[in-house]
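Grab the two chains, each in its own frame, and use the hints to assemble them into the complex.
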Amino acid sequence: MTTFATPSSTTAPASTETSVAQTWGLVARFANPAELMHAAEAVRKAGYRYWDCHSPFPVHGIDHAMGISRTILPVVVFGAGAAGCTLGFLLQSFTNSYDFSIWAMVWVTGYPFLISGKPLLSFPAFVPVMFELTILLSALTTAFGMLAFNQLPELYHPLLKHPGFGRATDDRFFISIEARDPQFLRSKTGEFLKSLGASSVEVVES
Amino acid sequence: MSASSSMQGNTVPASGMDNTIESPGQRAPLVLGTGDFHTVTNQVCRVTEHPSVPMAWYVAFGVSLMLLGALGIAVNYLIFTGVGVWGLNNPVMWAFDITNFVFWVGIGHAGTLISAILFLFRQKWRTGINRFAEAMTIFAVICAGIFPGIHVGRVWFAYWLFPIPNQMEMWPQFRSPLLWDVFAVSTYFTVSLVFWYIGLIPDLATLRDRAKGTIQQFAYGLFALGWRGSARHWHRYEVAYLLLAALATPLVLSVHSVVSFDFAVSQLPGWHTTIFPPYFVAGAIFSGFAMVVTLAVPARELFGLKDLITMRHLDNMNKVILVTGCMVGYAYSMEFFIAWYSGAPYEQFTFINRAFGQYWWAYWIMVSCNVITPQLFWFKKVRTSIPAMFVLSLFVNVGMWFERYVIIVSSLANDFLPTSWDEFIPTWVDIATMLGAFGLFGVLFLLFCRYLPMIAIAEVKSVMPEANPHWEGYAKGHAHHGGAHHGHGGASAGSQPAFQDPRPGQP
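Here the protein sequences line up with chains A and B, keeping their order.
Per the numbering used here, residue 74 is the first one in the first sequence, and the count goes up by one each step.
Per the numbering used here, residue 35 is the first one in the second sequence, and the count goes up by one each step.
Think of the hints as simulated: they come from the structure by calculation, not from any bench.
Since we're looking at a predicted model, the values are computed, not measured.
Be aware that one or more of the hints could be misleading.
Partial list, derived from the structure: chain B residues whose beta carbon lies under 10 Å from chain A [what the hints assert, rightly or not]:
1. Y193
2. G263
3. S288
4. E493
Note that beta-carbon positions come from the ideal geometry of N, C-alpha and C, so glycine has one too.
One chain only, chain B, in its complex shape (with noise of 0.2 Å):
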């Protein structure tokens, strides 16, 4: 952005010019190629709205809808056959379930970070990627929740878990970890699920009013629950929305750290640390950054919403990426310099028998994965390029999944006992509800694509300079959006795309 047409007050930023430079006293566009709300709210409707979709999306959906399958014959053949299926032995009991169920947890954790943490630290740039964030968080919260209702064996007695009246006169142990998780999990799910849906009843309205067809007028108007933009509705909304991400803030904090405690409160070797929590939130928000860059990049390239999700929204996330990517790496040294500045022989052993012993394969795809990659990111050569960052965000999320594997496996494979000491094989059906969950991730992910709006098209529209009733072109008496004029006059306007507005009979 240039001095002058910061002075002007009312040119637009040029589509696809590079926001991603630091200039003091100049903030940097977050909405490119307009300045004109009209045009937001069509680039994001056109997805929904458009009868056809990329052929990529089927290609995706597919190969999502075969996952899905292969997850569904592997729970069943679960259900059916019993836990003996999975590769679990004396005295590996926990392997792949729980392994999957943290890394889905944790996925979900950027999505919360992004909507409310962000919020509260009015972190603008978040507008542009909070809404599939958010829907990232719901959908990986409902892939980590059918690992630990899958793993305990007797599928049909889950209820177990919650402390309903029963005739056994017999109810929950709420002193263990366990509990504590399902209900931090729970909660999570639910608060996610209505933080979204609160952040989605605008643009509800918005698709509601431009609906053409019978059936997207009833199901996005009933969804909408008649919102009409009210002033009186939005105080209301404002004040619940910073609520719910007050609220949000130390939950999305207490959920990984109960996980953690699940481990952390045993007494095995390797789990039984009081760095837990914070390192497992830490590690919880790089997954999750990953994903979010992971789903981003392919996401604004075929839905052409590389103006809304700009280059400085990525470059943000990938600063993300490295600060968190550099908690963990101190996490683990010192996880290492704890086992020998404890002088536990137990503590010792495990550590060394992580980096060496008979895991010590994934342990090194973890640490290269999770610390030594990411450090390229210091470069903003790699943080601005597409290519880069997708493949490094790919080596994240292999790593994290590494991670858990490590502190799971192999940490229960040697225990005290050299007598019980085992090795754990993943089995087919291992593999197949592994990969089976990305599948139901995947459909989710794509349905959410395909029917809602993916960004924020109120919030976005609230963070460009014209939404601010004081923005010095108004003072000007530069009528911005009153009548049929889209352009404005400055050296990009050729630039915009003309957009029609589809609707008849409209002054």
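So here's chain A without its partners, still in its complex pose (with noise of 0.2 Å):
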């Protein structure tokens, strides 16, 4: 909220605890995706854990300038494709090849249909729904996959009622360090941001 003003060298670990407790984080503004990715790598290697940059859009090797690692999405992804594509294959052959009952909330029965000569287990004619229930299974799986990962919906979140940071959708570049980083100490994590060319820090509040 307030513009972070250089505290004198003398704050006492007492006060700087009690600053922790009303206090989210800092956050600092860069002028364009080149200096945040600087910042980025520099922050990284000061060896801060809790920390984010924040940009209107996805800015090309910022993942690797901060450490990311590689997202195991795609591992979920293709657990669901393979499941989407075996339900599919079940589902198929049971309603239309057998007739023995399952429990499937209700019990339910098998209907074998002979149709136009055809074999009562016709693999061939099952693909398309097969291939149809692996797409749709894999495309939800990836959507809200990415959305729990991310642990959004988070319609409430401190920096959100930060003001200025709006422009973090629109034009600006931040990085945010929280106060729970082991690191994080308010005079010194502000300085640090500064020397990184940040245009400004501000003390984002809980």
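Put into structure tokens, the structure is as follows:
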């Protein structure tokens, strides 16, 4: 909220503790993607853990600069696709080829259809629906998996309250460092962000 | 773009400049009139934020609403009376209903092609048009979905299409292409909707952060899901977007293939053809791109988006129309060749009858609109002329509707037995339903234009040269977006509109 002012070096650790209790972290503004990326590299090298970059579009190479490890989302999606394919085959072969009963919320029985002399288990005819269910489950898992890994929806967040941060979805570039980071010290971290070329460093209240 | 401006690397491409010129070694700019992210945000958001819209929007909305009313009347009359109110007869049991269904599903395909296939091919120009092309896909599939739903006659049993346990202990017949179609189209709709929404999240966050009214803040905020541009989020977001594109690509090719199976798997001459799946897919992309041009031309004029949907975008789309039009023309001639080459008399009769029989006029409308007039796109003057491309895109829309009409009706009307031949004559209900679907599409599309970002703001920004952290302008210490100055010094700076930040108290 308040513009970061260089605190005196006599700040006692006790008062830092109390300020940390009300402080969510610091947010520093950078001029453009290039400066954001250089600063991100420096923050990673300084050993911070709970920090993030904010930009209106994905900055190419920022994940490498920040040291973000690759998401496991594709593995999860592959599993979902395989499940969809299997489900498609089981659904069709059960409903069209066999007459035993299974429990699926209610007791249901298969119904062997004999159509134009085609075999009861006519695998080629089942391929389109298996394909569609593979895609359907994979796509839904991709979308909801991405949101889940990102912990979205998160309609309340201290940063969203912070005035000026709204431009992060427009044309501005920010680095935020959270107060819960073991290395976080309001004065030291603020100075550090300033030294990386931030045009402003502000305290975000929780 | 002159060589000197490219070497400087920080000169803004002038608003309205001709970016269709191919210059080896240089990338044509895709965003004109600005080198500034904030200007792009303003250009897109002012459409939704402005308290009023152009009068043409109200006129179009009024006309669409009236057509939607006609659809409501026609569909209700059909449901309360029965499918006999349509002009169907024996043997023509499918006519306008399935023609409209295939037409609308086909329209949708261009949206997915632009959003998924062009994404995989790294065609950066897609970012200017993908958002509203995807919206077009969703609304077109909604229009398409009406027709199979109402043509079953007893609409209240439409749930029989899905494998739901029931007291009759019966299941759908999965060996039927009609059921493949149910799965293909519903999957297509779901995946398109998810893809579109995932793309919308960052832009909804932009609208949320700019919104001044409480209702807008709440509505955009709710659907933006708390997006805050986090790089950790962007990382998973980009992976998810790539995965969705990779999943949607085979899906879009499969959907119209499955639609074509509705015909190709049957025994009817004129339908029983192995060329149908690729022929239908090419036709779908052809008609869809024509619809994108039909919608993009007025939209960029009305809402002042000419610097984002540039002439280069339109030129590229017209090239796609030309290519797919030639593919469709090839398919038409190959159908004739195979009819002759197969030696099957029924097949030969069907195709001669198509061109010279009772539906000759529909056939020749189809050939002129789909094969002959798009050849004008060989000329760059035509490809870059707004009136010419608008008229030609309308021709393609008409031609592709008639293609489906010819395939369905002319094949059914004159089948194996001359004693059962008949002619299909549409009733007013047929025509009201067909026009009404355009009304539904128009209402949905116009509401989308008014309340949602018509252009993918975040994606457009990411293809600007300034988005690259290694852009040469930054190496020179050219602080591009920091501070209050918006001017860029170059000769074109004077042509930029002076946008003011609408929010008070911003540094």
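Hint check: is the beta carbon of G263/B less than 10 Å from a beta carbon of chain A? Hint holds; G263/B Cβ to chain A Cβ min 4 Å, cut 10 Å.
Close enough to count: is the Cβ of E493/B nearer than 10 Å to one in chain A? Cβ of E493/B sits 7 Å from chain A, so the hint holds.
Can S288/B be said to touch chain A, with a Cβ gap under 10 Å? Holds. Min distance 6 Å.
For the restraint on Y193/B, tell me whether the closest CB of chain A is nearer than 10 Å. violated (15 Å)
Comparing the model with each earlier hint shows a violation of hint 1 alone; every other hint is respected.
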